[in-house]
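S.K.: Hints given; two lone chains; assemble the complex.
Residue numbers (numbering that gives the first Met the number 0), protein chains in the order written: chain A, 0 to 155; chain B, 0 to 237.
Simulated from the structure, these hints should not be mistaken for lab results. All the given hints hold, so there is nothing to weed out.
Simulated restraints on C-beta separations:
(1) Y80/B x N94/A: 39 to 47 Å
(2) S145/B x S122/A: 18 to 26 Å
(3) I59/A x A41/B: 50 to 58 Å
(4) I29/A x L52/B: 32 to 40 Å
(5) G130/A x F89/B: 57 to 65 Å
(6) N64/A x P143/B: 28 to 36 Å
(7) F89/B x L13/A: 30 to 38 Å
(8) G183/B x Q30/A: 13 to 21 Å
With a straight-line Cα cutoff of 20 Å, these simulated PhoX-like cross-link-like pairs (lysine-lysine) come out:
(9) K113/A x K184/B
(10) K101/B x K26/B
(11) K101/B x K216/B
(12) K26/B x K216/B
(13) K26/B x K64/B
(14) K42/A x K92/A
(15) K26/B x K221/B
(16) K221/B x K101/B
(17) K199/B x K184/B
(18) K113/A x K48/B
(19) K199/B x K113/A
(20) K141/A x K184/B
Keep in mind it's a predicted model, so treat the numbers as computed, not measured. Using N, Cα and C, we set each Cβ at its ideal position, and we do this for glycine too.
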Amino acid sequence: MKIKVPKLYRPVILLIIIKIIASCAPDTCIQETTSFLNAGFYKTGTNTPLPPDSVTVFGIGNETNILYGKALNPTSVSLPLNASSTTCGFVMKINNMTDTLRFIYTSYPHLISKECGITFFFSLDSVMVSGNVIDTVAVINKNVAIFNAENIRIFY
Amino acid sequence: MQRISGYFISILIISCSLPTRAQDSIKVNLNIRAGFDIYGPASYLTDQKNLNLEGYISIDRDNKKSFILEAGHQNFQYSQYNYSYLSNGFFVRAGIDFNMIKPFEAAGKYYAGFGLRYGISLYNSGFPSYEHDNYWGTGTGSVPSSFHVAHFIEVNPGIRTDIFKNISIGWNIRLRLMVYSGTGKDLKSVFVPGFGNGAKSFSPGINYYIILNIPYKSLYVKPEPEKEPEKETEQSKH
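The shape of chain B in the complex, shown without the other chains (with noise of 0.2 Å):
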């Protein structure tokens, strides 16, 4: 309920400040921002095996589009009845964010939209236990760990607001896809820094933002025009 609490106060937020009405061009700040996840840390205090620190760092382009370096390292460990694993390792992430808010509404501070990414985690995987059952009993065995390179492209939507002068918060879903996990057909990792679930293809992930804003240019944004209706054409019969 946190989580989902989390996600509409932000909506909320959004939905509510935007400028609806406006006739003067407005002072819009690009800025280089840096942005600390706060959701790998607060994950952290209910399961203690699995921590992930990330952030990012992007530069916007113009008042639609953002430059995105992010980066991070995760630890994983996991175990169930029939074995154990263990992962760490960095990942970095780049590429591009488009804000679908006009510029005129978004004023520099509002985010909706949408960024690809093109991510590589350098990563040690390994199992310390494993154990299968069959009619000819208990096979039992050990994978050490060995380092990996895989490669993963992304989509992730998400939202982003300010809340004081330089300070935003934001949140934003991954949708992920490996690429080339490095490891081979059989033994997957069962879970990759910066990607997810290693076993599957697909990886959905989430991220809460806490965002430091520098503004370092200032743009003047007229409101786009509104388009005038239709006048009717038809002529009546007479």
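Chain A on its own, in the form it takes in the complex (with noise of 0.2 Å):
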């Protein structure tokens, strides 16, 4: 027997096996979950990117896991900070000379989405540099997230 489905239930019927469709669809996080601040590095007294030939990066306190082991001219480095605290440190070395990073900043618990459950976002007060190389850092954009923008400038 043909069953004539009638024109005005035929959207309803597509819905429900969208609903289905979404409904069977497994829960996995398929986004970033952790914040970086992003620093580019600039030429001093320029707006103009200039990646030094290498770079290493590790956290201080944390010596044994590099970020970063002479990488070859990047343009910018994503650098963690700690969400136990309200501070953490980086040692840069830029073409072998080396520099460090401090961070003041504040924390904050924030949901990503159900399947990536909770990350934390930062709100940068400060930026110190010990000034070997490093010339100056402004701060772009002192929130931290998961997003890729610029937080901070680094000149040398």
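M.R.: Take a look at the structure:
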């Protein structure tokens, strides 16, 4: 027996199918879940990007975990801040000259999604630099989140 | 599969029982209805962390439109490898249903149409624990439960049919849009009672109802006159 579905019900049936397909989709987290402070390299006195020949970066107190090991010509580096503290520092070797950067910030939890859970966002208060190779640091965007926005500019 | 078969059984009941030929007017009751959702309690049998109890009262304005008030209570618990979450609260939705079936064919017994709702959810939500790993190690914390008020709108297509005298069954899909979650942008609610996933602005849902119909008024409805086919006006060329 052939059942003819009235036109009236067709959108409803289509919606049901969409709903069923959607509810069958697995709950997986496909987003970036870590916030990074993004730092771009610039030539002192200008707003011209200047990628260093090589950059090495690791956290102060976390020397065994190298974030960047002699990375060649990076235009920027992404630095993870410590959510368990209000300050953290990094050693940065730019063209084999060593500097230290220290960040002071406040952190707060942020729900990414049901699937991904909670991460920490940060509001940057200030930056201190030892000043060997780095001339100045300018804060462009104090909100450190999971988006890829530039937060500071390192002039050297 | 049980869900799918439930949908199509409902569609078949309506499809097979609509009156197709009638010449005289028929008596149609306008009803006050009380519906009780059975989808929530049925889901609770398979997932005892989440309980949704809800129902509605509606009154037919005429044989096409009904005013409706829905209310319910929802408890929600969720946990995964990096956080746990709790929410519970009450919600109400008010709106109107539009029956798209012609009054003579619907005969006061059948409904296939859509509704519009405005909903308010009064709920508590919190994160008893969460953790996050990054370069520096694992950060942990908790967010104590706090009270929120959320506002949302929804469109809900659905169908309903009488199965016995004064007893109907029906289901509707809920397509909800958050207007205001009341939580701020950082710690949105994973689940808003009456709405669903509060981390997203759009949340679908479904209800399956058993409905008690109480007639309060009768109307006589005539079939709509059939349109006569247009006569050919083109004259043959000689």
